[in-house]
Amino acid sequence: MGEGLPYIINGISVGGQYALIAIGYTLVYGILRLINFAHGDVFMVAGLVMVYATSALPLYLALPLVLIATVLLGFVIERVAYKPLRSAPRMSLMISAIGVSYLIQNLAFYITGGIPQPVTRPIPWISDNVMVFGQSTKRVTLLTPVLTILLVLALVYLINHTKIGMAMRAAAKDFETAQLMGIRINAVISMTFVIGSFLAAVGSILYFTNYPSVAITSGGMPGLKAFVAAVFGGIGSIPGAVVGAFIIGLCEELIKGAGYTTFSDAFTFALLIVVLCVKPTGLFGEKVTDKV
Amino acid sequence: MKKLSAFLLTLAMMLGALTGCGGNQSGSSGSAPADSGNKTVRIGIYEPQTGDNGAGGKQEILGMQYANTVQPTVEIGGETYDVRLEIVDNRTTPENGPSAAAELVNRDVSVVLGSYGSGVSIAGGKVFEEAGVPAIGVTCTNPQVTSDYDCYFRICFLDPFQGTVLANYAYKELGVTTAYTLAMLGSDYDQGLVHYFTEAFQKLGGTVVAEDFPEGSANFVSYINNAKSAGAGVIFAPVSTNYAQLIIEAAAAQGYTGALLGSDTWDNNKVAESTTGKTVDVKVTTFYQEGGNPDFDNGIKEWINANADAKTNNGGNDMIAAVTAMGYDAYFTALEALKAAGSTDPKAVMEALPSVSYEGVSGLIEFDDIGDAKRDAAYIKTANTQTGAWDFVKVQGVD
Amino acid sequence: MTMKKKKSIFLVVVLAVLLAACLTVDALLPGYHIAVTVIKKATVYALVAVSMNLLNGFTGLFSLGQAGFMLLGAYAYGVLTIPVAKRASVYQYFDGGSIQFSLPESCAGILGDAVGPTVGMLAALLVGGVLAALMAYLIGLPVLRLKSDYLAIATLGFAEILRAFFQWNALGPITNGSNLLKSYPTFTHATPYVLLSGGMIAIIVLLINSTYGRAFKAIRDDEVAAEAMGINLARHKRLAFVISSFFAGIGGGMMAMYMGTIAAAPFKSAMTYEILLIVVIGGIGSITGSILASFLYIFSSEWLLRGLDSGTFLGISAPSLFKNGFRMAAFSVIIMAIVLFFRKGIMGDRELPDLLDRRGRKHKKEAAEK
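Residue numbers (my numbering), protein chains in the order written: chain A, 1 to 292; chain B, 293 to 691; chain C, 692 to 1061.
Source of the hints: derived by calculation from the structure; they are not laboratory data.
Please note: incorrect hints may appear among the correct ones.
EDC-like, lysine to aspartate or glutamate: derived pairs with alpha carbons at most 16 Å apart [said to hold, decoys possible]:
hint: 1; chain 1: C; residue 1: Lys696; chain 2: C; residue 2: Asp1048
hint: 2; chain 1: C; residue 1: Lys696; chain 2: C; residue 2: Asp1045
hint: 3; chain 1: C; residue 1: Lys1014; chain 2: B; residue 2: Asp601
hint: 4; chain 1: C; residue 1: Lys695; chain 2: C; residue 2: Asp913
hint: 5; chain 1: B; residue 1: Lys570; chain 2: A; residue 2: Asp128
hint: 6; chain 1: C; residue 1: Lys697; chain 2: C; residue 2: Glu993
Going by beta-carbon spacing under 8 Å, a handful of chain B positions derived as facing chain C [stated by the list, open to error]:
hint: 7; residue: Gly411
hint: 8; residue: Val419
hint: 9; residue: Ser479
hint: 10; residue: Asp480
hint: 11; residue: Gly484
hint: 12; residue: Asn585
hint: 13; residue: Pro586
Ideal Cβ placement from N, Cα and C applies to all residues, glycine included.
Take the sequences, apply the hints, and build the full model.
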């Protein structure tokens, strides 16, 4: 147990970070049937904003600023890049998402000059070292999964017990009918991007408190893995995304612990392909039949 | 009709571009000295400004740019020439190397400096070789850069040397018998150094546990734990600057007590800064130690502080990276070669290079038969966790 | 003269002019000249873009595995063509590697020094293509059943897995692990690239105009209807996937020739995205568009627009604006504009000879108005 413990703690923490990103994917996919390739980059931008904001402003102003800026970015992306393509084929939408991802990365590159931006003032207290069962680790590592679960519970409440949540469920079920029932579909879609970006921003704050710098490619891998987690759990399902994220985070760290470090990333993708082929709807996904 | 004419126009543009470019294309970048009526000699700078090695490449360029402000002219064959730097970004990866190299050749450079990163140097070397333009590698440490091409020279030490130095230091000075090596998958630089380190360390009688991480990794906690459970006294991770910071962070968080050994890529102010306030023991080998030449240090610090762009490229402060000092030396080595050649013709410069001898800030620079610098010592530095700066430890040789 | 005949003549003339231009460039400029370099890279990208277009534009399968198949082709080419004498130095960490023959040398032994090496190089390219096709067949079995976006992400994941394998040290005696493959023979001039890539694209064009091509298009337009018309969906999708991968593999081999060194690192998903965006710029469903866009993209990004990154562009000096990264940022803005507002790209779904159509129609219209 002592041997594996640090890996498990780390795996859960990594899983928590993936979960916060994965929800953004799963919410958007549930309604638009779109893999939002730009979501990982939104995550990265949140990290950059945090770097710039914390170095210029006191923490109690900087953190809300990060959240607001990221939410705004998610909202704008949807309005500019996805909304005009609502009636276009799905392929166009996905190409647009790849284009946005490309654009964000290149703009971030232009602004940062391609140099990873150091996190000069990490959030105090949560980045301190603590001892757990005789193992040294950062407080944020322990905090991440707890915060993730609290946020997910809040989100589930929002979706199941509020009006906008009902509208989101309706839109996910049947886009056109929901529209006919008088649901303002654009508002609902914007809301999903707002929620997704908000959670990504929280994830980003927790993630980059752990790491010394934000590079423009920082969003790529966590983004892809979070997406795999969303697929694994059954895309469209929030509990699925969270469970999937924790499983992937754990597996990844345990594989590293077992000595197969070369394939820790490849494993995630292999898992994805296997899941897609064996059970494309994932662990908790609903069976969807394509309409002719 | 509109589409057709647009198409024909593009076609015409392309053809025009193809056939009309035989002549002399005036370079559009680099530093142009004020019009002094002198002739110009062009020195090409083949460095990454973007990609993984962008930060390192920029620091190397800083040294050359500073050297250019210190000595903007050169006497060639009795005439004074203005030196013009032609900077082309090779974007770190071999796939973008050939076109960047070809662009430099197209700008009529007499000699090329760079690149940070060996893979891209090897990719560009092919073009330089065909074009007959000599290149001076500044900090590319892979033996194959010079052994493959006659046109490539180099002013720094090599991976076999560096790997052996570190192995000796770990085994003899730190008294460690088990080492853990960590390299990025797909990086020939990392893997090459690990290879030479392992070879030397095992020869001394030590054991090595080797692991790789995939590109884009951010969480190194599990790797540190692996090192701990392997009982490794040092972690040798010759990785790029960004990963170095992540590894330091993870080692500190996991309370790793052994030393973290790094190669020349770790010699970066960001790496030193990231150790501030942490309990880690970071040791690196490098080409130059700040304080080795006070005149140079003060001069370049003043220049960096007066130049906002330079300061940004240096990572926001005025600490002198070894690669910057090497870039400075490379520039002067190139000037020596130009003087000796007595001509701006690349072929003449290439013939003159092997016999160049120059006393730079990083030591004496002379080339052997292969084109490598004769160097037999590396500086070992340690990161001061209080000040976030580098402290000198010792000069370490192979024996 | 009939329209069809006119079109063929137009096509032949344009191709002949292009070939002549290319030969002129080769005759006038050395192989390392920037113009030759960008032509080489652009032809490689053109071939890969067309192969991707075959899948995404003509069959409607959204695959993002192109970089993975190129990786296979590139490695196959490198591994098979490195001269035996150079292997010890290339595979310096793996005792010279486990493969001890070189196709160009073997072929030179059989066919003589004049044609042998070239034949060997072409054979190695072919092997790369076949390997990529084989791999595509294997992956296609499970993956092709997936719907559009799942297929995209699965192929993307596959390319990432492949990269990890090629960098794995245990396979080092063959792939050289994380180290570079180099010292293999390459073509110095641009014309061989143009001819090779042109030939391959011609084959793809013939294929698209055949019954198979029509079946592919039917699948793209409506799967269910296509199936109802008696098209075997699984078989045709697999065929398109395998063929596209074959040409991507050959493109990878040519990419290796162009780069002069092979590492797995460049063959990332970013490369696939780049090619996809080229296809989009050119027009999804237009071969001419893909080729045109490749040339435009490579010429401007590698050569003509470099000034955007280094302070001065078209005589305008603005170092604070034209700094590093501006070129790519400007590019991505253009790409987004195309994606959102000019969804058809440069060519839409029309080909080179179709340009005559428009003119013809317009002339008639003008005549009618008079």
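Structure-based check of each hint:
Pair hint Lys696/C plus Asp1048/C holds up; C-alpha atoms about 12 Å apart against a cutoff of 16 Å. Only pairs whose Cα atoms come within 16 Å are accepted, and Lys696/C paired with Asp1045/C is accepted, the gap being roughly 12 Å. This hinted pair checks out: Lys1014/C and Asp601/B have alpha carbons roughly 10 Å apart, not beyond 16 Å. At most 16 Å may separate the alpha-carbon atoms for a hinted pair to count; Lys695/C and Asp913/C exceed this at roughly 29 Å.
This hinted pair checks out: Lys570/B and Asp128/A have alpha carbons roughly 10 Å apart, not beyond 16 Å. The hinted pair formed by Lys697/C and Glu993/C fails the criterion: a straight-line CA distance of about 36 Å is larger than 16 Å. A distance limit of 8 Å between C-beta atoms decides the matter here; for Gly411/B the minimum to chain C is near 6 Å, and the interface restraint holds. A cut of 8 Å between beta carbons decides the hint on Val419/B: the least distance to chain C is about 5 Å, and the hint holds.
Interface hint at Ser479/B: satisfied, since its Cβ lies 6 Å from the closest Cβ of chain C, which is below the 8 Å cut-off. For Asp480/B, the suggested interface contact is upheld, since its CB lies about 5 Å from the closest CB of chain C, less than 8 Å. Nearest Cβ of chain C to the Cβ of Gly484/B: about 7 Å, under the 8 Å cut. The hint holds. A cut of 8 Å between beta carbons decides the hint on Asn585/B: the least distance to chain C is about 29 Å, and the hint is violated.
Annotation: Pro586/B was flagged as interfacial toward chain C, and the flag is violated, the nearest CB pair being 31 Å apart, outside 8 Å.
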